[in-house]
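Peer 1: Protein sequences appear in the order of chains A and B. Counted the way the numbering used here counts, the first sequence spans residues 1 to 491. Counted the way the numbering used here counts, the second sequence spans residues 1 to 97.
Calculated from the structure, these hints are not laboratory results. In this text the structure is predicted, and so the values were computed from the model without any measurement. For every residue, glycine included, the Cβ atom is placed at its ideal position computed from N, Cα and C. Treat each hint with caution, since some may be false.
What the hints assert, rightly or not - Covered stretches of chain A (chain B as the covering partner; in silico rule of three or more C-beta atoms under 8 Å from a C-beta of chain B):
hint, segment
1, 22 to 29
2, 41 to 53
3, 151 to 164
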Amino acid sequence: MAKEYETVIGLEVHVELATKTKIFCGCSTAFGGAPNTHTCPVCTGMPGSLPVLNRQVVEYAMKVGLATNCHITQYCKFDRKNYFYPDNPQNYQISQLYLPICRDGWVEIEVPGEGGADLPGAGQGAGYTKKVGIHEIHMEEDAGKLIHDEWEGCSLVDYNRSGVPLIEIVSEPDMRSAQEVIAYLEKLRCTIQYLGASDCKLQEGSMRADVNLSVREAGTEGFGTRTEMKNLNSFRAIARAIEGERARQIDLLESGEKVVQETRRWDDAKETSYAMRSKEDAQDYRYFPDPDLVPVSISDEWLEKVREELPEFREEKRKRYRESFDLPDYDIDIITDSKHMADLFEETVALGAQPKKVSNWLMVETLRILKEREMDAEDISFSPGHLAALIELTEKKVINSTVAKEVFEAMFDRDVDPAAYVEEKGLKTVNDEGALRKTVEEVIAANPQSVEDYRNGKEKAIGFLVGQTMKAMQGKADPAGVNRLLKELLG
Amino acid sequence: MANVIDDATIEYVSILAKLELSGEEREQAKKDMANMLDYIDKLGELDTKGVEPMSHVFPVQNVFREDEVTNGDASGQILANAPEERDGMFVVPQTFE
Ligand SMILES: [Zn+2]
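So that you can see chain B by itself, here it is in the shape it has in the complex:
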């Protein structure tokens, strides 16, 4: 393994990913991440000089909608996806700003 993930990095990534890892999971995650980075490094060996980065598979552009309201009130169906609902709103664990 060429890449080594230190404790500070895995701590930072778990904050970003909103994950709480146990000691064991942490060690495993460090190993997995290092493996993935090794794999990505492999791709870096290819010569991509002069190749335009691809963001879309098909040569399609300018797909637009006109600015007209086409959707009505579907809140019933939308809220059916909520794990919990109150007063027409999704209920989620408390967040702070």
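Just chain A, same shape as in the assembly:
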């Protein structure tokens, strides 16, 4: 019988913090500047320059640590990690090795579907929850960007990203499948977005994951030799890289060969990973304490103040929504997945809109447009006041549902004021009974066949007549009212 293997996975996740300035200098972290326009002697490693720590970086790191149940290292330091590469102008990266700011935490992940019935009372095919340990979180600086010019045989360097603050979250090797890895990343993303510490976009590189993976015979305790995979910039790439690497390692072991400890680069287009040449992989970082930076001492008061500033997280929010709003769990899960969407929902409801109506606009039209345009919930820019106004216009039948969708699109694009937009474009439903009756009579006169069909019992024929009336009214009628009037006139 073939051997059963278990996959053992640990993650190193880099998250770019949402500070306005870099970690050790007053240069902007804004995206899109021309090359090297956000640089200074500190972030380009000029001799004699002196780094000074950005207080906000420490606060964000503390927040993420507290939100992931870590122990905060109240006396911590920075160390130099030495390596030579042109993206790193100092020839060392300032990081934390000996005293990282957070240690020994955990998060609870929710793994959907398929999995075993690990939850007490959960049925077959139900999801399960599981704790993933956080080994440590440390603060460090990002590197510059290299553009390779194959033609000229040179590389061009832009140091705008050099010195942008990062935290690196190192998990314990507690994950066993691609599904668990994705659930863990989702959990980190959601938690960090709730904190406002980063937008955590994998595609844009504000969240990056390196996967450490080994396999072992099921039921055994020791660890196999692991490899590290880099360059994974989507959930899909991560899932495929994990499946591919697991299969590669099992093949090696089955054919009596050994897994070599190495760094591999995932090529998503080719769906394969390859080992980085051993020269590039040569590592000896010769860490030592950075003498330019003084230690950070976090007082109990500071720690308490930061703890008090923690927001209501998704789990608590979900619980509260279940208790206070009559909404399906599905809606609650989607709304609370993004703090931005949850805030929008709550503020719109606070303005008097009915929760289910607000949720419907978010679940249907908002999600549709987000998906069509490949946008995130974080990118929604219309205001709660305008959504509440749109709901009121439909409730009061000032506009019908088709018109409401049109108004919503304009609102989604440019945050227009729905009432003003309806007025300006002349989209109000015609409530003039006389005008409506006249149009309906004309439609009846012009469509004798449909009228006859309806009278002969073909209920569906009325739909055609409603459509013709709506068309004649340029969409500005209440379809239910038209239907009623048609039935009345056709007797």
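Since chain A is already given, all that's left is putting chain B with the ligand on it; use the hints.
Peer 2: Using the frame of chain A, we list chain B with the ligand on its own:
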């Protein structure tokens, strides 16, 4: 000399340091490195039990900056340090990932 540096070690160190050494330089580097390690071993003879590792000379802590942009575009001055410049970027010998 108590320490001996073999060929494999000097090869590895030159990769890390991005140095290409000639045969002669190699032999000299092996000797120099062994000497340095002997010297470091000497320090190891001291009893440092109970002594906290020192990372900073002065008893100073918590020196912070507030998160406010204080630097503008100084790319002209920064790029003046580049051995070669193109399109606002530093030009360096080709590197591969
Ligand atoms: Zn700078």
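Peer 1: For the segment 22 to 29 of chain A, do three or more residues have a beta carbon lying closer than 8 Å to a beta carbon of chain B?
Peer 2: holds (count 4)
Peer 1: For the segment 151 to 164 of chain A, do at least 3 residues have a Cβ located nearer than 8 Å to some Cβ of chain B?
Peer 2: holds (count 7)
Peer 1: Has the segment 41 to 53 of chain A got at least three residues whose CB is nearer than 8 Å to a CB belonging to chain B?
Peer 2: holds (count 5)
Taken one by one, the earlier hints all hold for this structure without exception.
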